Amino acid sequence: MILEIENMSLAYGNIEAVRGVSIKIVDGGIVALVGANGAGKSSTLNAISGLLPISAGTIRIDGQSTKELKPHQITRRGIVQVPEGRRIFGRLSVEENLLMGAFSRNDHQAIAEDRDRMFELFPRLKERRRQVAGTLSGGEQQMVATARGLMARPRVLLMDEPSMGLAPLVVEQVFDTIQAINAAGTTVLLVEQNALMALEIADHAYVMEHGEIVLEGPGPELAGDERVISIYLG
Amino acid sequence: MSMRQDDGKTPSLQLRRGLTAGAAAALIAIYLSSVGLIAMMNARPVIANALTLAQMTLLTIVFLAGALSQRPSPQDRTPAFWTAPLAGAVAGLLVAGFAGVILSVNLRPVFIALVPPLARLLTFGQSGVDGTAILVAGSALVASAGAFYQRLPDKVRRLLFPAALSVLLCGMFQEFIQVILQSNALFRWLAPWFYGWDGLTATGALIVFAVALAAAALPLVYRKPAGAGDVSSWRRFVPALFILLLLLLVPIAGGPYIAQVFLLIGLYVLMGMGLNLELGLAGLLDLGFVAFFATGAYITAILTADSPLALAHYTAIPSLSFWLAMPIAVLGAVLMGILFGIPVLGVKGDYLAVATLGLGEIVRIVVQSDAAAPLLGGAQGILQIPKPQVGGFQFGSAVSLFYLTLAAALFAAYCAWRLERSRLGRAWIALREDEDVAQAMGINLVQSKLLAYAFGAAFAGLAGSIFAVMVNSVFPSSFQLLMSINVLALIVVGGLGSLSGVVLGALVLIGLPEALREFGEFRYLFYGLALILTMRLMPEGLLPASRRRRRLVSPIAVGGSTPVARP
Chain A
1 MILEIENMSL AYGNIEAVRG VSIKIVDGGI VALVGANGAG KSSTLNAISG LLPISAGTIR
61 IDGQSTKELK PHQITRRGIV QVPEGRRIFG RLSVEENLLM GAFSRNDHQA IAEDRDRMFE
121 LFPRLKERRR QVAGTLSGGE QQMVATARGL MARPRVLLMD EPSMGLAPLV VEQVFDTIQA
181 INAAGTTVLL VEQNALMALE IADHAYVMEH GEIVLEGPGP ELAGDERVIS IYLG
Chain B
1 MSMRQDDGKT PSLQLRRGLT AGAAAALIAI YLSSVGLIAM MNARPVIANA LTLAQMTLLT
61 IVFLAGALSQ RPSPQDRTPA FWTAPLAGAV AGLLVAGFAG VILSVNLRPV FIALVPPLAR
121 LLTFGQSGVD GTAILVAGSA LVASAGAFYQ RLPDKVRRLL FPAALSVLLC GMFQEFIQVI
181 LQSNALFRWL APWFYGWDGL TATGALIVFA VALAAAALPL VYRKPAGAGD VSSWRRFVPA
241 LFILLLLLLV PIAGGPYIAQ VFLLIGLYVL MGMGLNLELG LAGLLDLGFV AFFATGAYIT
301 AILTADSPLA LAHYTAIPSL SFWLAMPIAV LGAVLMGILF GIPVLGVKGD YLAVATLGLG
361 EIVRIVVQSD AAAPLLGGAQ GILQIPKPQV GGFQFGSAVS LFYLTLAAAL FAAYCAWRLE
421 RSRLGRAWIA LREDEDVAQA MGINLVQSKL LAYAFGAAFA GLAGSIFAVM VNSVFPSSFQ
481 LLMSINVLAL IVVGGLGSLS GVVLGALVLI GLPEALREFG EFRYLFYGLA LILTMRLMPE
541 GLLPASRRRR RLVSPIAVGG STPVARP
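Chains as they are written, first to last, in the numbering used here: chain A, 1 to 234; chain B, 1 to 567.
Any given hint could be a false lead.
Straight-line distance between alpha carbons at most 25 Å, and here's what the computed DMTMM-like set of lysine to aspartate or glutamate pairs gives [to be verified]:
1. A:K126 x B:E175
2. A:K126 x B:D198
3. A:K67 x B:E435
Covered stretches of chain A, going by a simulated chain B footprint (3 or more residues, C-beta under 8 Å) [unchecked claim]:
4. 68-81
5. 96-108
Since the hints were made in silico from the structure, they are not lab data.
All values reported here derive from a predicted model rather than from experimental measurement.
For glycine and all other residues, C-beta sits at the position ideal for the given N, C-alpha and C.
Excised from the complex, chain A in its bound form (with noise of 0.2 Å):
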């Protein structure tokens, strides 16, 4: 098991925003990880980076518990996230952010080898790899950003809400690309307001409902679970 999270909490003050979550990701899926917005997903995506601290429970990376760690210490481990909202920096070239994924790498000839597997995957960004990032439309970003994190060559690639705020068939382009970048061999832990969309193509998912986990199964055995439509929809 690459990532386990085991009974994780954390607070923000003293407004408990995530409450004894377990999530176990095995090598090789695509995990969903579903809920309305403020259910505590992305809490619990920066919390497995590093990013937020803990109240309580673990959080392991090949078994071994990640509470001493830094989070450029989590990214070296293999685990990337392609943070919400793109973040891409928008002042830097599309190449300079690419290269800035492989920050933590050293070997330069492979870091040149995946920038160029990166413009066959994404052949948009190719066109426009000297264009200044924040000059790019919302789904060129997305792709300038699953990019860099797939630059550190993650073994589990953590995207944060890749669809949100893009139009429709852009969102298709995503789930599409983020299929492609787990056939390649990458494990991805999915986090989406998207519910039905992420489910169909899960492996694996967990519903979050107020901090907590309050279903899970396979991916489309829960995108027609009528707990699930209530919630979304009910």
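Since chain A is already given, all that's left is putting chain B on it; use the hints.
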């Protein structure tokens, strides 16, 4: 130029525009006269026996009024040409009226500058009804020239502006340039072409104008065909090389006073490069920067001084030479940088500015305090710091110390240049852009930030060390907050993150007040004006870093005469 269609629907708007521009120009002229600046400027000729700085200023104000009256506005996209002569005429009439008031009413009890000679100056020697008519017509003509200039294509203005500026600089700083020309056989034969006894000659002005015009046109002629490969890297170094050449030659040619000024500029360049790493790359605003400078100076002092406060006096540590003390001073400053950085690690933005301001003041107050007086001498400071020596040669003169500073600055520039392109440099840039994401990229936040403070401090420590031997003594009063602010201002004016920008910024902000010394307190007015104008017209600085030059918003054309930063 084809006459533009007057829509006819906005004559009152046009009228108001012309009147406002003219009145504004007149008000500025009246203000500058009342505070005494115009009279003071009259003492400095731009072109000998033809044009003084005061006259030039008055003409420029009217010229700009004409140019500004032609700027398209949202309500009025095609301003009519006649607003410009109207603005000029209004300005001329108002100034003539003001001159009349000076002559007829005694305002001197309140405004000591308003004397009859000033009135003659304002009216260019004209008087009476005929004189006023000539003045109004001339003023309208100048404003029309401004309007014409405003309507010229951008490319042409980009040639004319530097040429006119060159004439102004060559005229204003004629004493300074003459000293250099006269002191060197190589240049001496050049001098008569340009300068008479009392300043730039008319022929000289023409030659300067032509040469500057040609120089400004060169890049246009040699422009690479569009789309031919990437931006050549050597071209970015051209301004830096030019400035370096200037820095190398001017102090020998100019004598000790100029060397002293350049030495000061050099020290600020060193500090600017340090702060540039912190702020320009890592985005860490630091208003306590002077603390590192002070650390370098004080460590040099206690290690080398021939004083009871020197370590050699009361410990077993021997008195060191400058060359040994300097690296220790730099290391001490680095240590100070790290100590300084730790408490503000989690502080961002405006809060960081205030926190560093406080830390900087703490350092100065501790040094000044009675508690530290037995070690650091309190307000009395540490005296008798010897000059550096190599063999029998002593770096006693300002000129020799300047070259020492220049060598240090070149070394520091090389370090800064390498740092910017290093892994650490990239980490700093990522931190500046987005701290959280930078960490998610695998960047060690604590280490990178502390290293930014450490490297920044190293540069300042080096400057402080040289400062200590330059003045032979250190006092806490030398290390005021103003120094941090000056360093900040010069790198912002030069262009954040740009190395040649630091040099140009220091030259302008440290050199300009020195060059304008004869204007007394007014020189800080120019300093402030230069700051405001740069930020208003060239918000990216005079020589923006290539990374910043790519801006997200399209540049808005501002002002008539500004070479807008190239995209």
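Quick rundown of the hints versus the structure:
1. A:K126 x B:E175: violated, 57 Å
2. A:K126 x B:D198: violated, 63 Å
3. A:K67 x B:E435: Answer holds: K67 of chain A to E435 of chain B is near 20 Å, not above 25 Å.
4. 68-81: The restraint on the stretch 68-81 of chain A holds, since 7 of its residues have a Cβ under 8 Å from chain B and three suffice.
5. 96-108: holds (count 5)
Comparing the model with each numbered hint stated earlier shows that hints 1, 2 do not hold.
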